[in-house]
Amino acid sequence: KTLPLKTTNGKTSIIADIAPDHLGFREINAMALNMAIFNGSIKLRETNQQQLHKDRVTNIAIIDSEQGIAIAIMLSNTNTRI
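Heads up, the sequence shown is in the numbering used here, so the first residue is 230 and it goes up one at a time.
Just so you know, these hints were derived from the structure itself, not from any lab. Treat the hints loosely; a few may be bogus.
Said to hold, decoys possible - Derived lysine-lysine pairs resembling DSSO-like cross-links, with alpha carbons at most 27 Å apart:
#: 1; residue 1: Lys235; residue 2: Lys283
#: 2; residue 1: Lys283; residue 2: Lys230
#: 3; residue 1: Lys240; residue 2: Lys272
#: 4; residue 1: Lys230; residue 2: Lys240
#: 5; residue 1: Lys283; residue 2: Lys240
#: 6; residue 1: Lys235; residue 2: Lys272
Modelling step: build the complete structure from the supplied sequences, incorporating the hints.
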C-alpha cells in the first residue's frame with residue numbers, strides 16, 4: 230500500500246506515493262506548511278504547521294502500527310560554512 234504526502238487540503242502533492250520501506254524526497258523553498266498523509270481522498274493524519282528552512286533537512290517518517298498511522302518529524306541542521 231502506498232501513501233502520498235500532500236498539503237492538508239489534499240490539492241498539492243509534496244511527495245507522491247511512498248511504499249513501505251521506501252524513501253522519497255523533494256527539494257522545496259523555505260516556507261511554513263501543514264502536511265497530511267492520504268489514502269485516496271481520505272486524510273489519515275495531519276501535521277501541525279512546520280517551518281521548513283533551506284539550511285535544514287526535514288525528515289518525515291510515516292509509522293503504521295496497531296494504534297494507527299503516526300507521523301514523526303525530525304530536523305537536521307546542515308552547516309555549509311567552512
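Results of checking the hints against the structure:
At most 27 Å may separate the alpha-carbon atoms for a hinted pair to count; Lys235 and Lys283 meet this at roughly 19 Å. For the suggested pair Lys283 and Lys230, the alpha carbons sit about 31 Å apart, so the restraint of at most 27 Å is broken. This hinted pair checks out: Lys240 and Lys272 have alpha carbons roughly 12 Å apart, not beyond 27 Å. Taking the CA atoms of Lys230 and Lys240, the gap is about 20 Å. The hint holds against a cut of 27 Å.
A threshold of 27 Å between alpha carbons decides the hint, and for Lys283 with Lys240 the separation of about 23 Å falls inside it, so the pair holds. Straight-line distance between C-alpha atoms of Lys235 and Lys272 comes to about 10 Å, which keeps the hinted pair within the 27 Å bound.
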